[in-house]
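Letter by letter, the sequence shown follows residues -18 to -1, 1 to 370 of mature numbering (1 follows the signal peptide of the UniProt record, and there is no 0).
Just so you know, these hints were derived from the structure itself, not from any lab. Note that the coordinates shown come from a computational prediction; the quantities given were computed from them, not determined experimentally. A portion of the hints provided could be inaccurate.
Claimed, not checked - Here are the simulated DMTMM-like pairs of lysine to aspartate or glutamate, each with C-alpha atoms no more than 25 Å apart in a straight line:
(1) Lys270 to Asp226
(2) Lys189 to Glu82
(3) Lys270 to Glu259
(4) Lys189 to Asp280
(5) Lys100 to Glu155
(6) Lys189 to Glu155
Unchecked claim - FRET-style restraints, in silico, Cβ to Cβ:
(7) Glu196 to Lys6: 42 to 48 Å
(8) Pro132 to Lys6: 32 to 38 Å
(9) Ala156 to Arg278: 21 to 27 Å
(10) Glu263 to Lys100: 46 to 52 Å
(11) Thr255 to Tyr157: 56 to 62 Å
We put the beta carbon where it would ideally sit given N, CA and C, even for glycine.
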Amino acid sequence: MALTLSLFLLFQDGSYLAEFLLEKGYEVHGIVRRSSSFNTGRIEHLYKNPQAHIEGNMKLHYGDLTDSTCLVKIINEVKPTEIYNLGAQSHVKISFDLAEYTADVDGVGTLRLLDAVKTCGLIGSVRFYQASTSELYGKVQETPQKETTPFYPRSPYGAAKLYAYWIVVNFREAYNLFAVNGILFNHESPRRGANFVTRKISRSVAKIYLGQLECFSLGNLDAKRDWGHAKDYVEAMWLMLQSDEPEDFVIATGEVHSVREFVEKSFLHIGKTIVWEGKDEHEVGRCKESGRVHVRVDLKYYRPTEVVSAPPPPGSQLAFESAPAFVKTEAQRKHGDAKVALTVAPRKRRGKRWGENGTLEREARLKTSQCGLFNLMFYLGCCLLDPF
């Protein structure tokens, strides 16, 4: 049985990854931080699953990326064959307030984990996945992005993740560790934290529908993101570790949508049409049917610097289509199969591209569940029935 060690198991990506790996027959070990509240809600169903819990296929260990001693102890005890580092302070806005902590966990914490693998003598037997981020690109230097587009992070979170990215590359080249970076663009689900914009919108719309809220505030309505579904992206993480050679990849849908569009489509789910009035911080979103203001702009939700999105470079995408046999959601049955684009990370070092001609020359298939903005909103629609 293959053993995996996953960090940040209690949150969106970690919970989907645990489900996926248990279905694959893995023994899953998760490192979780001690919290004042018992926050295992996203994996509670796995504990109720006799196959996962009673037979001991899933185990949790208390630990932290700021504690190298505990990391060495856990890795030496588990001796995993795969490690997925999903641990991070991952909120971009909060990283401006907790810049030092973000650097310690997201940047130096990755080094501590890699060094623990080396200390335990597992360099030749473990495969390491590092959760990187599209925030590495930050202020895009050219549109469309090419293989030579440089990283330009615009937040403490992005800067910390940039260090993590390069230290993974360093261990791969210096110690021959099978280590890869997955540069994931935004990915959402009903398990997304309530302080992220997509979940904030879906919860607020739900409360308006239930008569519990009149209006909510957002920041930059015109900020654009590439939103995919977390359930699909964790499968891409696993696929990266099944490759013959370690390579870094960008995981994205190739579609960019604005926060404004996300708001509009969310309200359509409860039969409301939002029309916009005003400009900048005075802009409001008013219900066309009732005339009530449901959305306001508040400057406190603006980031000090905003990421400028650009579509993936033409010719460098590899589309992973839904497998025909996969059970599709109602939205997919109505609107066709979704796609997830898996692209080689557009980096260039010492005059040599990573990957052949900047593209991956083999094809594979992902059994995707929900991707694309409409399907994502359909999936988030269940939050309208249970906003709490």
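Checklist line | Given hint Glu155 paired with Lys100 - CA-CA distance at most 25 Å | finding: holds, 14 Å
Next item on the list: For the pair we were handed, Lys189 and Asp280, check the Cα-Cα distance against 25 Å.
Entry: holds, 19 Å
Next item on the list: Compare the distance between the alpha carbons of Lys270 and Glu259 with 25 Å, and conclude whether the hinted pair is satisfied.
Entry: Between Lys270 and Glu259 the Cα gap is close to 11 Å, so the pair holds against 25 Å.
Checklist line | Consistency of beta-carbon spacing, Lys6 to Glu196, with hint 42 to 48 Å | finding: Check passed, 46 Å falls within 42 to 48 Å.
Checklist line | Cβ distance range 21 to 27 Å for Ala156 and Arg278, holds or violated | finding: violated, 52 Å
Notebook entry, point to check: At the C-beta level, are Pro132 and Lys6 separated by a distance inside 32 to 38 Å?
Noted result: holds, 37 Å
Notebook entry, point to check: Has the hinted range 46 to 52 Å been met by the Cβ atoms of Glu263 and Lys100?
Noted result: holds, 50 Å
Check: Is Lys270 within 25 Å of Asp226, Cα to Cα?
Finding: Roughly 55 Å between the alpha carbons, so the hint for Lys270 and Asp226 is violated.
Notebook entry, point to check: Hey, Lys189 versus Glu155, does the alpha-carbon distance stay inside 25 Å?
Noted result: violated, 51 Å
Note to self: Between the alpha carbons of Lys189 and Glu82, is the straight-line distance 25 Å or under?
What the structure shows: violated, 36 Å
Next item on the list: Evaluate the given range 56 to 62 Å for the C-beta pair formed by Thr255 and Tyr157.
Entry: 57 Å Cβ-Cβ, so the 56 to 62 Å window holds.
Checked against the numbered hints above, the structure violates hints 1, 2, 6 and 9; every other hint is satisfied.
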